[in-house]
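Trainee: For chain V, the structure is supplied; the task is to place chain W on it using the hints.
Protein chains: 2
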Amino acid sequence: MSDLQPLDPLIQALRRLPGVGVKSAQRMAFHLMQRDQDGARVLSRALQEAVDSVQHCSRCNTFTHDAVCPICRDAGRDAARLCVVETPADLAAMERTGAYSGYYFVLMGRISPMDGVGAKDIGLPRLLERVADGVVQEVILATSFTTEGEATAHAVTELMQGRQVQVTRLARGVPVGSELEYVDLGTIAHALVERR
Amino acid sequence: MSDLQPLDPLIQALRRLPGVGVKSAQRMAFHLMQRDQDGARVLSRALQEAVDSVQHCSRCNTFTHDAVCPICRDAGRDAARLCVVETPADLAAMERTGAYSGYYFVLMGRISPMDGVGAKDIGLPRLLERVADGVVQEVILATSFTTEGEATAHAVTELMQGRQVQVTRLARGVPVGSELEYVDLGTIAHALVERR
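Chains as they are written, first to last, in full-length UniProt numbering: chain V, 1 to 196; chain W, 1 to 196.
Just chain V, same shape as in the assembly (with noise of 0.2 angstroms):
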């Protein structure tokens, strides 16, 4: 039976990827096997590569082939200041809005219930870990203004009570370049309660 499907493994592994359902995997097999081979040989080492090198920042968290990120290696950024971030992604946000100096903590992840992540999942005893050197003086919690988002800076909240620390988050407001007439009205009822 198996070589009357000789693609069969391939699919099957393809479906791990997040949002890939069967018949996208078939399509995604037949196009590397016919149309892109070298595709596939690039994936297959970019695949292994990345399990091999990549690990996680001892300080931070965040990914990096190097015991320590770059980030964290960098001598001249605010010490004082640790931001609390969802993924790398968001990390790379941050730093492309140039507007922020000091150094990250990656969670990796954030509390979602429906999807079984609770707070041990993500990097919370480590965040406890990294905000213990004593040189930290705030925390500012970049998660998603989502509902697991805020349920994660909650999270982070709870654990920083008692610590010589102060916690802060990210403004909620009318997005710069909007018009009000288009921006949903919860975000209109923060930004007015918020006002400054």
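Note that these hints are calculated values from the structure, not bench results.
Predicted model, so just to flag it, every value in this text is computed and none were measured.
Treat the hints with caution; some may be incorrect.
Pairs count within a copy or across copies, as identical chains cannot be separated in the list.
[As the list claims (entries may be wrong)] Here are the simulated DMTMM-like pairs of lysine to aspartate or glutamate, each with C-alpha atoms no more than 20 angstroms apart in a straight line:
no., residue 1, residue 2
1, K23, D74
2, K23, E194
3, K120, E148
4, K120, D36
5, K120, E150
6, K23, D8
7, K23, E95
Mentor: Here is chain W on its own, set in the frame of chain V:
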């Protein structure tokens, strides 16, 4: 810079999959590295093995581990009939019907001028060779009933002109189990013209 984005090579490789943009690729890379490193290893191996060991059947052009696929090796089938399909998935669908006992030829694509796929880019020359064996009496066109599938069927029909081979096409009509009210008008019109 590269160590700031250690997953970039993986993200770029994932973007070569059809239908995967940069956001999906980032999500896939993050998922594999953070939640399913075993999946990354499995996928890496499956890609490499597929590229290394899967080839085209020398008779019907489908994917196979051997020089000749199991269906073409099966001497008990009706050698007078050859069913032309676009992909191995279409071949599998025909087999699942249990209603066909002839052999197959898999074009591995269809004519699609929009994607730059012309008559020369699909397996037409090899089909011509296959049909020239003097045993095939009927070529059954089972390409898709889309513009591209019809164009492909037309190209095969032209190719067969002047040869001692009858060319037939799967019947167009109302799908089994459907209520007329919900069938598109083009299908009903075809079913009416081709009534029997």
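Trainee: Against the structure, test the hints numbered earlier, and report the numbers of the ones violated in rising order.
Mentor: 1 and 2
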